[in-house]
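With chain A fixed as given, assemble chain B onto it according to the hints.
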Amino acid sequence: NSKVIQTPRYLVKGQGQKAKMRCIPEKGHPVVFWYQQNKNNEFKFLINFQNQEVLQQIDMTEKRFSAECPSNSPCSLEIQSSEAGDSALYLCASTPTPSQNTLYFGAGTRLSVL
Amino acid sequence: QQKVQQSPESLIVPEGGMASLNCTFSDRNSQYFWWYRQHSGEGPKALMSIFSNGDKKEGRFTAHLNKASLHVSLHIKDSQPSDSALYFCAVSPFGSSGNKLIFGIGTLLSVKP
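Keeping their order, the protein sequence lines are chains A and B. Take any residue in the first sequence, count from 1 to its spot, add 105: that is its number in our numbering. Take any residue in the second sequence, count from 1 to its spot, add 6: that is its number in our numbering.
FYI, nobody ran anything at the bench for these hints, they're computed from the structure. Hints are all accurate, no fakes.
Here are the simulated EDC-like pairs of lysine to aspartate or glutamate, each with C-alpha atoms no more than 20 Å apart in a straight line:
| id | chain 1 | residue 1 | chain 2 | residue 2 |
| --- | --- | --- | --- | --- |
| 1 | A | Lys-123 | A | Glu-173 |
| 2 | A | Lys-144 | B | Glu-15 |
| 3 | A | Lys-132 | A | Glu-158 |
| 4 | B | Lys-63 | B | Asp-89 |
| 5 | B | Lys-51 | A | Glu-131 |
| 6 | A | Lys-108 | B | Glu-48 |
| 7 | B | Lys-51 | A | Glu-147 |
| 8 | A | Lys-123 | A | Glu-183 |
| 9 | A | Lys-149 | B | Glu-48 |
| 10 | B | Lys-83 | B | Asp-61 |
| 11 | A | Lys-149 | B | Glu-15 |
| 12 | B | Lys-9 | A | Glu-147 |
| 13 | B | Lys-106 | A | Glu-131 |
| 14 | B | Lys-106 | A | Glu-173 |
| 15 | B | Lys-106 | A | Glu-158 |
| 16 | A | Lys-108 | A | Glu-131 |
| 17 | A | Lys-144 | B | Glu-48 |
| 18 | B | Lys-106 | A | Asp-164 |
| 19 | B | Lys-106 | A | Glu-147 |
| 20 | B | Lys-83 | B | Glu-64 |
| 21 | A | Lys-118 | A | Asp-191 |
| 22 | B | Lys-9 | B | Asp-33 |
| 23 | A | Lys-118 | A | Glu-188 |
| 24 | A | Lys-123 | A | Glu-188 |
| 25 | B | Lys-118 | B | Asp-84 |
| 26 | A | Lys-149 | B | Asp-33 |
These figures come from a predicted structure and were not determined experimentally.
Next up, chain A with everything else stripped away, as it sits in the complex:
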């Protein structure tokens, strides 16, 4: 069973609504990733953190996407104004170091934008 905990498992929003999902990384893993997996199983890297600092991020989709990993709180990914094209499985993963290490994924949050 995954030790990366993502909540909620399912999220249904209307277009224009805010969508927020959370991730608790595996204990002892300071590096956290967010990926988007679409219905065609394509993975899109969104952002990664080491502790609270952003390591890399894409141009966050016209600034509608934001993410943070505050100290002593779950990491979060938020979509300010959801669009139908945002419907996907959002996967959080953690790893012990930013160098070449296996990623440990959570079960994901499946977002449906109606």
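Only chain B this time, still in chain A's reference frame:
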């Protein structure tokens, strides 16, 4: 931009049979490679990594890497119904900081009892 392609898109093998999955990548300088497996309703789980040319065996799973041919493969011996899942090849681009991986779009394996 690194491209990772997988074949076949889907594969049906009988229980006890051998499943062979293929992956090609475009950047000759890629250094690190993983195979992930994703069962329905779950997140991907790493099966194995391979960093050097040649074969790497872990139980029923054998990965093969040939950087010159830009090819990595996964072979599953004595396939079981529980092996039925989506299999992804993932490549770490050269010079990538923060361990960002590029994934293929997967091979759907079905193992029939």
